[in-house]
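*Asks:* If you want the building blocks of each chain, they are given just below.
Protein chains: 2
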Amino acid sequence: MALRFALMIDPLAADDTRSDFASTFTAVDPAAPALTVGELSTQRGDGIFESIGVVDGHPQEVEAHLERLAHSAELCDLPAPNIAQWRAAVAVAASECGSGEGVVKLILSRGIEHGPTPTAWATAAAAADFSEPRASGIRVVTLDRGYAIDAPAQAPWLLLGAKTLSYAVNMAALREAHRRGADDAIFLSSDGFVLEAPTASLILRRGDAFVTPAPNGGILHGTTQLSLFEHLAERGFETAYETIPVDELRRADAAWLVSSVRLAAPIIELDGAALDRDAEFTTSLNAYLLSPRD
Amino acid sequence: MALRFALMIDPLAADDTRSDFASTFTAVDPAAPALTVGELSTQRGDGIFESIGVVDGHPQEVEAHLERLAHSAELCDLPAPNIAQWRAAVAVAASECGSGEGVVKLILSRGIEHGPTPTAWATAAAAADFSEPRASGIRVVTLDRGYAIDAPAQAPWLLLGAKTLSYAVNMAALREAHRRGADDAIFLSSDGFVLEAPTASLILRRGDAFVTPAPNGGILHGTTQLSLFEHLAERGFETAYETIPVDELRRADAAWLVSSVRLAAPIIELDGAALDRDAEFTTSLNAYLLSPRD
Chain L
0 MALRFALMID PLAADDTRSD FASTFTAVDP AAPALTVGEL STQRGDGIFE SIGVVDGHPQ
60 EVEAHLERLA HSAELCDLPA PNIAQWRAAV AVAASECGSG EGVVKLILSR GIEHGPTPTA
120 WATAAAAADF SEPRASGIRV VTLDRGYAID APAQAPWLLL GAKTLSYAVN MAALREAHRR
180 GADDAIFLSS DGFVLEAPTA SLILRRGDAF VTPAPNGGIL HGTTQLSLFE HLAERGFETA
240 YETIPVDELR RADAAWLVSS VRLAAPIIEL DGAALDRDAE FTTSLNAYLL SPRD
Chain Y
0 MALRFALMID PLAADDTRSD FASTFTAVDP AAPALTVGEL STQRGDGIFE SIGVVDGHPQ
60 EVEAHLERLA HSAELCDLPA PNIAQWRAAV AVAASECGSG EGVVKLILSR GIEHGPTPTA
120 WATAAAAADF SEPRASGIRV VTLDRGYAID APAQAPWLLL GAKTLSYAVN MAALREAHRR
180 GADDAIFLSS DGFVLEAPTA SLILRRGDAF VTPAPNGGIL HGTTQLSLFE HLAERGFETA
240 YETIPVDELR RADAAWLVSS VRLAAPIIEL DGAALDRDAE FTTSLNAYLL SPRD
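Which chain is which? The protein sequence lines are L and Y, in order.
The first sequence begins at 0 in numbering that gives the first Met the number 0 and counts up one residue at a time.
The second sequence begins at 0 in numbering that gives the first Met the number 0 and counts up one residue at a time.
Note that these hints are calculated values from the structure, not bench results.
Virtual Cβ for every residue (Gly too), placed ideally from N, Cα, C.
Possibly wrong hints are sitting among the right ones.
[Unchecked claim] Sample of chain L residues lacking proximity to chain Y, with all beta carbon distances greater than 10 angstroms (derived): (1) 33; (2) 167; (3) 169; (4) 231; (5) 232.
[Claimed, not checked] Derived CB-CB ranges, DEER-like: (6) Y:249 <-> L:275: 51 to 61 angstroms; (7) L:1 <-> Y:135: 16 to 26 angstroms; (8) Y:66 <-> L:31: 28 to 38 angstroms; (9) Y:208 <-> L:208: 36 to 46 angstroms; (10) L:30 <-> Y:55: 39 to 49 angstroms.
This is chain L alone, in the form it adopts within the complex (with noise of 0.2 angstroms):
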């Protein structure tokens, strides 16, 4: 969706303590320049994101989002964000979504090359509708991600648990998807274990239990899985990370795919064979997911 709200963020050390980051902001038209062609974040991709579903003006789990934006941050080498400005930024952007579903976009790019400073913005859209994948499911095909499970616990700077902007390959595998028939893909490592979808976590149920892939084998953690964690438990299911086989996800007894903007996508069909799915009980997890959360 077109964008309805852009805000420039001069970035703070974290240490700054002031209370009022009125004057670090900067409104500006979305759909006028605002950024040169030497920024980092063009050129290289060299920067990190987070996006934020946002519920009649109320931005969900932020809490969560700004977490993964400073681990993010850490694992790129990039000046550590200072929270509270960006929770400020999240709410003045929140609050240009309008009624019903939204998405704030955060960005930390590295700056203009050889530039004295990260280059930060927020943006605010109007979410597209995604009330048919909710409640009619999706279909999905699995793609090697090329790395092997425990690839990123041997090489730090693949980058494998930053939300980086360098999702060149996450967009091509959506293509392929496409291409294949299907609305989305999930990665398997070289090894064969289940990873993530390319803009998306995945959540699997076997029997009461509901399992994801442990955030260990180069994945990032999922804001939208980890909410959907602490609520599955209220309601008395077990939840667990796991290193899962891909075969183990073929039987699952459901699966979703689960992010900050669709929220939960039932999967009817993975690589051309159908899987069960409970609509009653999908239509259950997006009403958490759209009732507001912190």
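Following the hints, position chain Y against chain L.
*Replies:* This is chain Y only, laid out in the frame that chain L set:
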């Protein structure tokens, strides 16, 4: 170095046969905002690029760079670039580099999210002074790239042969090399074969033969390497593309990282072990690389 010049390009269809492209170019201040925050280059590292060396206003090996730009576009499902238009943009940008060594960068982004066309631009800058690494050499460490040598053949969505804007891992590898006290890195496949440097190709010498990793192992086909191989063949040397185990690199008689702007930098240390170099020979390589090449 600070950008001297930037040219926004209104991308033409590949089959547009006009001969005057002036009306499709708009010079912009490289220090002023020129891109919107909705740009997919900046949000997703979703686009491709080329860096072309310029010597006294002459852009080097333009056709090889434009061919690779077209190849990258194909791998990334971007519209085929109009080569004549890009050639004209290179000429305009190269003329703004001034005397001495410069660099022209071409960027083709997927454009604004949900927008109608790609975004394209070229920049011109004076090159940094690389006389020191050319003359005194560079210390290099090997780093695991995480992929097996046969990954790209299995998984084209990994975009391993495309020069995409998603370079966060390349930049992280350079930071890791610096942390280890080195100047640069050489990526290895997860099964122990030599690939490339984050922003350069590798050439090694074995007697009178010069060898480079075969560009089917998930690496870019280096334009400088291609040009040097032609030059070496003309001087009567053997040249070959091979699958090179890392031990073979360690036993090489000499090795260089070669790229469009730094040119040939002899490797004097590999993972802490000294490597022989031939200063006179390197000088002859760089003399060739600094001569006008088409």
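*Asks:* Would the least Cβ to Cβ distance between residue 167 (chain L) and chain Y come out above 10 angstroms?
*Replies:* Non-interface label fails for residue 167 (chain L): nearest chain Y Cβ at 4 angstroms, not farther than 10 angstroms.
*Asks:* So is residue 169 (chain L) really clear of chain Y, every C-beta pair being over 10 angstroms apart?
*Replies:* violated, 8 angstroms
*Asks:* With respect to the beta-carbon atoms only, verify the hint that residue 208 (chain Y) and residue 208 (chain L) lie 36 to 46 angstroms apart.
*Replies:* violated, 59 angstroms
*Asks:* The output says residue 232 (chain L) does not contact chain Y. Does that hold with a beta carbon cutoff of 10 angstroms?
*Replies:* Label holds. Min Cβ-Cβ 34 angstroms, cutoff 10 angstroms.
*Asks:* Does the beta carbon distance between residue 1 (chain L) and residue 135 (chain Y) stay inside 16 to 26 angstroms, or does it fall outside?
*Replies:* violated, 53 angstroms
*Asks:* Go ahead and decide if the range 39 to 49 angstroms is satisfied by the Cβ distance of residue 30 (chain L) to residue 55 (chain Y).
*Replies:* Holds, since residue 30 (chain L) and residue 55 (chain Y) (Cβ atoms, about 41 angstroms apart) stay within the stated range.
*Asks:* Do residue 66 (chain Y) and residue 31 (chain L) keep their Cβ atoms within the hinted range of 28 to 38 angstroms?
*Replies:* Since the Cβ atoms of residue 66 (chain Y) and residue 31 (chain L) sit about 35 angstroms apart, the hinted range of 28 to 38 angstroms holds.
*Asks:* In terms of Cβ atoms, is chain Y entirely out of 10 angstroms range of residue 231 (chain L)?
*Replies:* Fine: 31 angstroms to the nearest Cβ keeps residue 231 (chain L) off the interface.
*Asks:* Can you let me know if the beta-carbon spacing of residue 249 (chain Y) and residue 275 (chain L) is within 51 to 61 angstroms?
*Replies:* holds, 54 angstroms
*Asks:* Is the nearest CB of chain Y more than 10 angstroms from the CB of residue 33 (chain L)?
*Replies:* Contrary to the label, residue 33 (chain L) does not stay out of reach of chain Y, its closest Cβ about 5 angstroms off (not over 10 angstroms).
When the structure is compared with the earlier hints, violations turn up for hints 1, 2, 3, 7 and 9 and for no others.
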